[in-house]
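Okay, here's what each chain looks like letter by letter:
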Amino acid sequence: MTLVLDEDQKLLADAARDFVATRSSLKRVRALRDDDIGFSRELWREMARLGWPGLPFPEELGGAGLGWRYLMVVLEELGAGLAPEPLVSTVLLGGSAFLYGDPDLRREHLPRIAAGDELVAVAYQEAGTRYALDRATTRFAAGTIVGEKVQVMGGSSADWLIVSAHGPGGVGLYVVDATRVRRTRQHRIDGRDAAIVRLDGVPATPLGGPGLLARVIDVATIGLCAEMLGAMGAAFAMTLAYLKTRTQFGVPIGSFQALQHRAARLYIDLELCRSATMHAHAVLDAGGDVARAASLAKAKLSDAFLRVAEEAIQLHGGIGMTEEHDLGLYLKRARVAEITFGDAAHHRARWAELSGY
Amino acid sequence: MTLVLDEDQKLLADAARDFVATRSSLKRVRALRDDDIGFSRELWREMARLGWPGLPFPEELGGAGLGWRYLMVVLEELGAGLAPEPLVSTVLLGGSAFLYGDPDLRREHLPRIAAGDELVAVAYQEAGTRYALDRATTRFAAGTIVGEKVQVMGGSSADWLIVSAHGPGGVGLYVVDATRVRRTRQHRIDGRDAAIVRLDGVPATPLGGPGLLARVIDVATIGLCAEMLGAMGAAFAMTLAYLKTRTQFGVPIGSFQALQHRAARLYIDLELCRSATMHAHAVLDAGGDVARAASLAKAKLSDAFLRVAEEAIQLHGGIGMTEEHDLGLYLKRARVAEITFGDAAHHRARWAELSGY
Amino acid sequence: MSDLDTFRAETRAWLIANAPESMRAPYRTTEELCWGGKKVAYPADVLRWRDACVERGFTAPTWPREYGGGGLDKASAKVLAEEMAAQRLRPPLIGFGLSMIGPLLLQEGSEALRREHIPAIVRGDIRWCQGYSEPGAGSDLASLQTRAVADGDAFIVNGQKIWTSYADKSDWMFLLVRTDPAARNQDGITFLLMDMSSPGVTVRPIRLISGASPFCETFLADVRVPMANVVGRVNGGWAMARALLTHERTMIADVFRDRDDADRLRTAARAAVGVDALGRIADPVLRDRIVALEIDQACFDLTLARSRDAAKAGARPGHESSIFKLVGTELNQRRRDLAVRVNGPQALGWDGPGFGEDDIKATRDWLRSRGNTIEGGTSEIQLNIISKRVLALPEK
Amino acid sequence: MSDLDTFRAETRAWLIANAPESMRAPYRTTEELCWGGKKVAYPADVLRWRDACVERGFTAPTWPREYGGGGLDKASAKVLAEEMAAQRLRPPLIGFGLSMIGPLLLQEGSEALRREHIPAIVRGDIRWCQGYSEPGAGSDLASLQTRAVADGDAFIVNGQKIWTSYADKSDWMFLLVRTDPAARNQDGITFLLMDMSSPGVTVRPIRLISGASPFCETFLADVRVPMANVVGRVNGGWAMARALLTHERTMIADVFRDRDDADRLRTAARAAVGVDALGRIADPVLRDRIVALEIDQACFDLTLARSRDAAKAGARPGHESSIFKLVGTELNQRRRDLAVRVNGPQALGWDGPGFGEDDIKATRDWLRSRGNTIEGGTSEIQLNIISKRVLALPEK
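These protein sequence lines are chains A, B, C and D, in that order.
The first sequence begins at 1 in my numbering and counts up by one.
The second sequence begins at 358 in my numbering and counts up by one.
The third sequence begins at 715 in my numbering and counts up by one.
The fourth sequence begins at 1111 in my numbering and counts up by one.
Bear in mind the hints are in silico, worked out from the structure with no lab data behind them.
For clarity, every value in this text was computed on a predicted model and none was experimentally measured.
Glycine residues also receive a C-beta, built at the ideal position from the N, C-alpha and C atoms.
Treat the hints with care, as some may be off.
Computed cross-link-like contacts, DMTMM-like style, restricted to lysine to aspartate or glutamate with a CA-CA straight-line distance of at most 25 Å [what the hints assert, rightly or not]:
#1 K752(C) <-> D839(C)
#2 K1075(C) <-> E59(A)
#3 K1279(D) <-> E680(B)
#4 K1506(D) <-> E311(A)
#5 K1075(C) <-> D36(A)
#6 K27(A) <-> D8(A)
#7 K244(A) <-> D1023(C)
#8 K10(A) <-> E59(A)
#9 K1110(C) <-> E1505(D)
#10 K10(A) <-> E1165(D)
#11 K1184(D) <-> D1113(D)
#12 K1102(C) <-> E1044(C)
#13 K1184(D) <-> E1165(D)
#14 K27(A) <-> E7(A)
#15 K1075(C) <-> E46(A)
#16 K384(B) <-> E1142(D)
#17 K1279(D) <-> D1332(D)
#18 K1506(D) <-> E769(C)
#19 K1102(C) <-> E59(A)
Here are some chain D residues the structure puts well away from chain B; computed CB gaps all over 12 Å [as the list claims (entries may be wrong)]:
#20 R1118
#21 W1124
#22 D1386
Could you put together the complete structure from these sequences and hints?
Below you can see the structure in the form of structure tokens.
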């Protein structure tokens, strides 16, 4: 289990970086915030043609069979550009749910996900459930589901929904045809799609029982950390460039020692975050204590990304506070990412439990 | 209720500062660390002649009737010089125990305390009780006490002991002739006197019931904060002077912006600590929620003093780590003061409870 | 009965008789108060209250009567303030005219400028804004680039101002311009008064990451400003600016004091994570974090109180305003951040379905709070001031 | 069977046959190992183990055979290290000779100096110490004041060195001296080797706030050092020093890695505040604080591992050593501080009755840890290095 990228992964990172540079400007990202689905179907199809949605999945299921670290390098680059295409909802959440769920459903859906032909959303959150995964009031009975889910990422555009609901034996996951539910687009601070999903006795097919959701969230948490790492790296790079060019009192502000030391601290934090993220992906590929690795990384990155984004604005001064400037997009994404799948305090508590504290 | 000193208090502060400058060098403090009782009886008598032990107590009980703020300014100056004379044990703990305890005992003891003729120690801590005041295993029955107390401040030199013990109605305080117990001098990092006190059925007189100890500790906590304020101020002043005189790379190190900002942060913390300390003493004088004011101040000062002492050493570099240099004395005192009467976490929790959190 | 007692009795009676009932309710934002000026339509009761006070000189109680002020001595003004507070009355008029440019003109302005502006400020006819910051001159105010070139009896002003609060709602601006480009930074600057309706003035509101804001950019293209509108002397504007800056800092720290904040955070936490068997916020780690904030806040509040007590006792103000600005804004940031953490997933709403109004406000307040440590002198500048002016640490 | 396999089999057998049983036990401090030299009496088994290894070249496996080294290639040396680790063997010999001055001499020393010193280092005959720091030159090493003046075929050295680890137990010192007082700071410095038994050398151990320490002050009064003992060229000592500094920093970061630390802290916390019904540390705030530390520690450990993986993959080392030094020492300080907080009142003991040995050690470890961010290059220096060399931020 190594913590460095191999040559193929580096090449993939270069390709993803080029893709973001040429195809996904922050102006595009900005414009998509008011969009019905919050991302570009065209760009998603391009990503699919590059094989990105299938990177981690087995070849016999239409994937590239390359493992999660390959997806990591793509997520990092897309994160740097804040690209809103639905890798988290469709590939990380949806893909892993099918990967670890019912074999028949897996064979039906995973190849379509890998090909970019199917969008999936996992509806697990309800009003007031905070970070708990087992407090669903949604119920599965007699083949149908009744309940309401909120902040379903990718919910507005999904072709299929995977819904958590109380069923036999506890909270399980169920597959629902997304065209048969009522969906309301929500407006979150990062502008990406999230939806309220109302299920009024919709037919549903069991995908997996208790334990599956937690496993799926762990995978998605690890992938989200890769995206966060890219975003915080980009916010830091913008700030470093600004420190070198902006002058005050006749000198570049990056020559002030107090700011130098703060920049150095941010850089160090980035390095620690990179290690935790690499490690979590390596554990995912090699097999190991995925839950602990996920909580370790998310506990670290949740606050670190926020801190980098906040310091980035402070070091930019007033201009960073304006809607026109791109740093605000990073700050808002930092907050969404912090809270998604549980904040730092939640994951410290979970890591503590898993580690016997 | 004002938060500034009046002219009399300022004059008293000047006098105490002069006293420390002329009568209590850090060399003296250093030498006393290995002493049997850890302080100078001669200097204590001088302090008594200046009326300091009696400052807060009513005139009819031999005090000056001036209130706790007068004692505060003395404690701050003695704290700045780390003078180990037993104001905390005899005046703050012993004095307030008699002040709020049984009237007959009060009339007997307070005048002698105020005159500096009597040394008192309050023995409330036992092995493993941590910061709890009601977990005594020492018992009072049939007029005698059996048990063992540890880290009794001023225990080796005290003429009288006030011992917490389970009695009728809960944990009360009892007065014991100190010559009738077995005492073992302990060696703590600040070198001041602390003793293990073994009571094997020693005769004891009830001073007060449940609640008295907590009240006494609150008063002592507030006074201790004044001492801490003085000590952290002194450590900061030493550091500020060092920043202005020590040169590296051809300039005074105080011209480095990163160090300037850190010094400014320490200074601000000092100001906040001063406010909390002044306020607690004002509440003590005016009547009010003494417990809450005590916990507020101690929660703030416990960590602030430590931080100032630690930063002082860091900013001094290697020389600050040597036994020869005086900063180590402040760091050790900071740790003792932090833990005495409960650390910051303890007092945050207590303040939370008292404030309905 | 002393004169002061008489004044108190008369004032109390007058306030009871003249203050509209609606002006006795607490306000949530200063938007509900009268800022004066010609560009904003205020509700009738707001104007009635203001005008009643104008008539009695109560909008500027201590200013000289000859300019429309109340002409009260300090003791009487204190009585007025006490009676207003006792009846929980809203201030009849606020704004930069009363708080900043008015006092400066009274102290430094020519008689002509006073006659022209002070009565209009007192009456609330004219609303003022402050044109200091520029895109290229953030913390380094003295490096400002807006140029004013003499042309007969006027200056021709060209440049750009930024972070001008309420420029779009103001009638006049006081601003700093560079009149001697050859002079050392601070030496070639002049303090001007400018009519916002002058040809060449364009105002554009600034949207922040938290949404709409009172801030504007103001573009100045060949704007003609009469020489008579200079306050102080030409190239002597820096001294004017400094007095006002200190003043602004204290005001900002004050803005962040809201006694209800602690209750709101506690209530939100109890709602979000529940309470335990002892009635405490159920999550002990979150509780500790909130309590640590409230303890620091209490120490800060006590420090403000101590500074007021010291002023009462005759102490001359030092550089406390820098400490207050720094600590007050950082505490506010911690509070807004904690409020968002308390709200958890509910904190992610920008707008619309599924998010409560309070949650959305908490989130926008958090976003907005990130600017607190930048505006009105960055935290870094405050730390520089403290280390140099208070601690006397050496320059390199 | 390849050569390497043969070597592995032979080595394994030799280690089994020759390593004393007592050398297979883990050690608590490096004081239990052999540092060599003439001034310390080591236990017989320690010496037996060292001498056996000396004979086989295993004290310096990769150094050339002609100087007494093992002459092993990298692959074989790795095999040896693996086999030593598999048998949990203690290193037979440690010290600044093997880790610092030896490698430097092999790279930069004259043939005469190599012949004189390398074999003695390999055998552990001579123990070395490092004379860099001076009282007046802390972080600013280049400002050192110890003077060396040429006198025939020798230098006459006068000055004072501080923070010399184990100067009192060492036979030789490598040190920096100023040989050209007129040159710019770094240019007039020379790297010398000095026999500690030379007349004029006085050593005084330094007591720290935590008690006894390996550090010493060394006073040099007219000490005669032969010109032949210059490493590199006269006035060219700075380049020698720089290579060694980086090396030292990595070593220090490594010292703070002790796998048992986490267990110790957890166990102490459980003992001090008890466990709840679910078996967790009963105080949730304390638990969170410990866990936050362990998470940061884990991220740091993973960063060290990542750096090793990168090195294996052929990456050239950059300035990671500064990050490791900075973060490793700060984590150690947090850990030692937490250990003391966990112990509560029991942490106040310096010595004697009423305090356990472990408690006293925890407290002294905390005191000692405050020096970690100073020694071997202060944290401030590391931050300067990162901001300048890694982030390329401009000088003023």
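Hint-by-hint comparison with the structure:
1. As the CA atoms of K752(C) and D839(C) are separated by approximately 7 Å, the hinted pair is consistent with the 25 Å bound.
2. With a CA separation close to 48 Å, the supplied pair K1075(C) and E59(A) exceeds the 25 Å bound.
3. Simply put, K1279(D) and E680(B) have alpha-carbon atoms about 21 Å apart, close enough for the 25 Å limit, and the pair holds.
4. Between the alpha carbons of K1506(D) and E311(A) the distance comes to roughly 22 Å, so the proposed pair stays at or under 25 Å and holds.
5. For the proposed pair K1075(C) and D36(A), the alpha carbon gap of about 24 Å is at most 25 Å, so the pair holds.
6. This hinted pair does not check out: K27(A) and D8(A) have alpha carbons roughly 30 Å apart, beyond 25 Å.
7. Simply put, K244(A) and D1023(C) have alpha-carbon atoms about 45 Å apart, too far for the 25 Å limit, and the pair is violated.
8. Among the hinted pairs, K10(A) with E59(A) is consistent with the structure: their alpha-carbon atoms are about 21 Å apart, no more than 25 Å.
9. As the CA atoms of K1110(C) and E1505(D) are separated by approximately 13 Å, the hinted pair is consistent with the 25 Å bound.
10. Note on K10(A) and E1165(D): the hinted pairing is violated, with a Cα-Cα distance of about 47 Å set against a maximum of 25 Å.
11. Annotation: proposed proximity of K1184(D) to D1113(D) holds, straight-line Cα distance about 13 Å (limit 25 Å).
12. Straight-line distance between C-alpha atoms of K1102(C) and E1044(C) comes to about 21 Å, which keeps the hinted pair within the 25 Å bound.
13. About 20 Å separates the Cα atoms of K1184(D) and E1165(D), which keeps this hinted pair within 25 Å; it holds.
14. For the given pair, K27(A) sits about 32 Å from E7(A) by alpha-carbon distance, which is inconsistent with the 25 Å threshold.
15. The straight-line distance between the Cα atoms of K1075(C) and E46(A) is roughly 38 Å, outside the 25 Å bound, and the hint therefore fails.
16. A hinted pair counts as satisfied when its Cα atoms are at most 25 Å apart, and K384(B) with E1142(D) does not qualify at roughly 37 Å.
17. At most 25 Å may separate the alpha-carbon atoms for a hinted pair to count; K1279(D) and D1332(D) meet this at roughly 21 Å.
18. Between the alpha carbons of K1506(D) and E769(C) the distance comes to roughly 58 Å, so the proposed pair goes past 25 Å and is violated.
19. Our distance criterion of 25 Å between C-alpha atoms is broken by K1102(C) and E59(A), whose separation comes to about 66 Å.
20. Every CB of chain B is more than 12 Å from the CB of R1118(D) (nearest about 45 Å), matching its label as outside the interface.
21. Annotated as non-interface, W1124(D) keeps its C-beta farther than 12 Å from every C-beta of chain B; the closest such distance is 44 Å.
22. In this structure D1386(D) is separated from chain B by more than 12 Å, as the shortest Cβ-Cβ distance comes to about 16 Å.
Checked against the numbered hints above, the structure violates hints 2, 6, 7, 10, 14, 15, 16, 18 and 19; every other hint is satisfied.
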